[in-house]
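J.: Now for the letters of each chain:
2 protein chains.
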Amino acid sequence: MRQICIPALIVVGAFAAYAAERPPSVILNLEKSPHAKLRNVPVSAVKISEGLWAERRKINVEKSIPTLLELLEQNGIVDNFRRLSGRKDVPRRGPLYTDSDLYKWMEAVAFVLQSEDRPDLRANFDRLTDEILAAQEPSGYLNTWYVEDRKALRWKEQERGHELYCLGHMLQAAIAYYRATGNRKLLDGGIKFVDYLLRDFGPDKQPLLAGHPEIELALVELYRVTGNRQHLDLAGYILRGDGERLKLRPQQLVYMFSGKPFTQRTIMEGHAVRAAYATSGATDYYIETGDAEYRRTLNRLWNDMVTSKMYITGGIGSRAAGEAFGDPYELPNARAYTESCAAIANLMWNWRMLAAAGEAKYADVIELALHNSINSGMSLEGTLYCYRNPLELTAEAAKGIRNPWYSTTCCPPNLERTFASLPGLYYSTSRDGLYVHLYGPNEMNWKLEDGTPLKVKQDTRYPWDGTVDLTVNPAAAKEFTIHVRIPEWAEAAEVQVGGRRIAGPVKAGEYIPIKRRWAPGDTVRIALDMKPRAIKSHPRVVDNQGRVAIMRGPIVYALEQHDQPAGVDVFDTFFKLSADPAKDFTAEFRKDLLGGVVVLRHRGLSATRPASGLSLYEPVQSFDYKGGKPADLVLIPYYTFLNRGPAAMQVWTLYQK
Amino acid sequence: MRQICIPALIVVGAFAAYAAERPPSVILNLEKSPHAKLRNVPVSAVKISEGLWAERRKINVEKSIPTLLELLEQNGIVDNFRRLSGRKDVPRRGPLYTDSDLYKWMEAVAFVLQSEDRPDLRANFDRLTDEILAAQEPSGYLNTWYVEDRKALRWKEQERGHELYCLGHMLQAAIAYYRATGNRKLLDGGIKFVDYLLRDFGPDKQPLLAGHPEIELALVELYRVTGNRQHLDLAGYILRGDGERLKLRPQQLVYMFSGKPFTQRTIMEGHAVRAAYATSGATDYYIETGDAEYRRTLNRLWNDMVTSKMYITGGIGSRAAGEAFGDPYELPNARAYTESCAAIANLMWNWRMLAAAGEAKYADVIELALHNSINSGMSLEGTLYCYRNPLELTAEAAKGIRNPWYSTTCCPPNLERTFASLPGLYYSTSRDGLYVHLYGPNEMNWKLEDGTPLKVKQDTRYPWDGTVDLTVNPAAAKEFTIHVRIPEWAEAAEVQVGGRRIAGPVKAGEYIPIKRRWAPGDTVRIALDMKPRAIKSHPRVVDNQGRVAIMRGPIVYALEQHDQPAGVDVFDTFFKLSADPAKDFTAEFRKDLLGGVVVLRHRGLSATRPASGLSLYEPVQSFDYKGGKPADLVLIPYYTFLNRGPAAMQVWTLYQK
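As you go down the protein sequences, you meet chains C and Y in turn. The opening position of the first sequence corresponds to residue 2 in my numbering, with each subsequent residue numbered one higher. The opening position of the second sequence corresponds to residue 2 in my numbering, with each subsequent residue numbered one higher.
Check the hints yourself; a few may be wrong.
No distinction is drawn between identical chains; accordingly, a pair holds when it is met within one copy or between any pair of copies.
[To be verified] No farther apart than 25 Å at their CA atoms in a straight line, the calculated lysine-lysine pairs in the DSS-like style are these: (1) Lys248 - Lys261; (2) Lys627 - Lys206; (3) Lys627 - Lys577; (4) Lys658 - Lys577; (5) Lys658 - Lys630; (6) Lys458 - Lys38; (7) Lys89 - Lys186; (8) Lys627 - Lys658; (9) Lys479 - Lys89; (10) Lys64 - Lys362.
To be clear, the hints were calculated from the coordinates, so they are not data collected in a lab.
One chain only, chain C, in its complex shape (with noise of 0.2 Å):
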């Protein structure tokens, strides 16, 4: 017996072993956090059925990944691993970091693969993995810029050179496809690349610099995969910084957002996208070591950027030179930067920071930023992108807003791996039962972190319609808590379980936790307000003066030129404005517009004397603009300009009472 069971055993044990080291699909993986309040659900638990989501993401899969890849070998990014591995002849072509536009596109497939088995999908990313690996150097060194002439480069221009941010995109890349799939070929490989890291480089060794921070909370989510504990110190000494050696200018410290003690940053500044997806390693580390200083630097940039340089639409980096962000309360409309990846970043660092410390308010970020300045940057067909996504534009300026290459590619490929890894987002596990993050049709199915299996299900027309039904369904009667969101937004909310108004308040901003004995059927309702909002900023904000924006539930609102009456210039409206504002708009949902739509209806006022014919200066007393005719406008979600050709827009207007 014993002789027969020891190999029977081993089997079981490598199975064991096996099973641990392939989680579930998740986009995090936090089951051994020690700092983690909240456990990611899986991508593949999680079925976006229906409304404004499953459509985005089935035009993902549809269109835009297809069409990316076809573009990106038009553009020869794949040829640039074909050419080392001497597959093809050809010219290395585009900017130094496009490796890591092929690795984001990947990233995106495997998530889709999370959520659905796509062979083509999975055939592609199979024979890229082969591509790319086929072009790795035995040593582990993988890269399609330094090599040749520039190999001598190597790590000698780290501010620059994006070595390690094309390692960490990769690094994500091979792990969610691994958790798809199993398959960790890429993975390996990725591996392989850190293990010559591991030889050459730490503190005494080579320096290395995140010139663009990526790798770090790449080199942590590999920690989480592997449990090798020098892939979690790696990330840390990077965190920590060794610019000094490498004799950094302080101007390089701050727009690179790296080199230096990252628990010596005190506010968001530099490279809007450096910074966030720092603050997003930063605070995968912090979920992984539990550092009180880290947990405080992340605490006080996090409250820089959301009281003083985020825009009504979650998008961050304000500023064109650097890609940076500006300094407080400097957020131009017409020439907000705001780049896609810049809101992604800043949806990812979000993701973390409700991760490691489950409040309401880090939800409330990624809700906006997704819904709005996420959503805008891929277009309604899927085939066009955003780089940039401002606030404000001309006719002329709509021009260039919208293409479907750039040659810096990295905002496609980015926007298509978060809307496929969209469902990881909607809850999460807690010791004590689950939390509800956001709102929309869709089906879980997963289960507590005691393992009793648990679906949930919601019926809802959000973000359209505030009402969210909840059908609750435990394996079997179970008592737990369910923390259900209420949108800081929310001026009124109300929450029902099996048709009852629970007792207490249910306040914005928080998460209301429902503590029951919850049997299979159960039902929640949460009933949001989705009343209009006539929103003003700060005063400092100079671009905003004497003009609101105007959001529905998470959905900020935008006057293209399209939809107003003959004559009526955008740039010339006035919003009239009552004591309550909720009632000078009227939503109508549009079936038909722009993907089905809620808009908005306005009587307002369009300028007596249009601007055209004011001049530059004049004396106050003869100075005559305002809004003296009746005009019928209409708002359109921000998300959805620039659908229909170029036109004018403009989300903040000016208003009169």
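Given chain C, work out where chain Y should sit, using these hints.
T.: Leaving out everything else, chain Y in the frame of chain C:
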């Protein structure tokens, strides 16, 4: 007799030739310019006797000019020449255009010498001329950057090389000195360099590009000295632009404002100083050639600038990125770039447009820029300079604004040469008489174009008071016209001759021609309404929405924190405007303050709830930011900001009615 007479005639002839060759010490010598409507009055012919500009000019000569030479020496700018002549063995220092900084300083000295003989300055100029020419190569080439290892790069990187730019400033200095002293040593050096250009460059030879326009206006002025048509033609060739042969990219043509035919320009764009130097040179070229395409282009560009791209201070160049003009109405306050050199270039261009057209609108811009955006560029003590002249500053941002030295130290000597040449801007002659452009205490001792000696004296406390008393003293009674300028800002104005109001309309923004038989001692009184004005800007200037700027006469006012009551934050103030804003502000001359200025007192408001307590975004109905508390505010002339230590400052202020 005949034998005796001939040599005498020769002597007379030689003297006449010399006299013709060495014209009066004007800024622009338009004596023979076929398309000049107005001609310059020499700097030497106008004495600014007292008041604001006498004070500024005194500091300029006594403090600014001497201390800047010390700094130029300390920073190796003169040594850059000495090392080439072997007089010093030191490395070259500073950016590639430093030669021009020295030349501009020398031009300032030359203009001082046009006003008064200062042997110390003359000696310095001669000494520097010697240092410079000792570094000139036998070919005529002269530049301290493109030497030794960089010699091979001469004319190879004209888009950034500044070789012609430096030559242009050398010529301007040389011409001004020649006109001041008759000494043409530096001028001959400059001509030698021009001869070198004429030999090797041009349409059928090597291409030439004004990577930074400046050479164009210098060459036209050189033509006015030499009468050598080749000098004018070379300017014309450069203005037509040879960018195609140099394979320049469209963005370079925008940035440099050169390289393509000047007459193809339609908007002011790109680097502001480059653009306005180019338009200055093009205006000079028009004045000599009468090319109608140039005239049309210049008018179009000027309109583009003054209707959408000029600050209320006369500053230009909105963007730090590329030191560039922005889009129409892109006129941010805190982030205004408004380089001192750009305001000076604006003045230079308008001085030429005024000469060409004789229209008061150009003098309006000159007066505006001079009193505000240029005037602000030098501290009251004369030793600190602004590179940027923003219209709003936090105390923190203020710390970097006034400095004694910049590695690119173009602005300090540019301010110095402008102040030094100022007497040349007060008057012009015309075929029919005299134009009076600027007001202020001064005496002119010159002549009409027919040779009649004419003295004019201005008694006034302008710009602090609007009454200007002219005393007109022709050598003998004579009929001619005096054109007195009624500034565009004058809401009311009166002109009296001999104590009696003239017949006919007195319109703001025009020259009022007073044609009569002028007898010695005749008087003219110009009374301009100096009541304070609250100015609005075009609604598309987003920074100024809901705000006004206060002006009095040509002076723009600002709120600086120093002058406000304790606890009243400049950024939380509101003006309280009645139907007649002039009555809301009280003017008071403060002899002791900021060199003697009129301040404005205003019973305004401060915010009930300071902005620091407000959220980034909140519903309009709960938004609470308005002036609720009366506050006695004091406004100072904008140009005096930041002369009492770093403090918050703003020009455009929120207002309530």
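J.: Hint by hint, which ones does this structure get wrong, listed from lowest number up?
T.: Of the numbered hints given earlier, those the structure breaks are 2, 9 and 10, listed in rising order.
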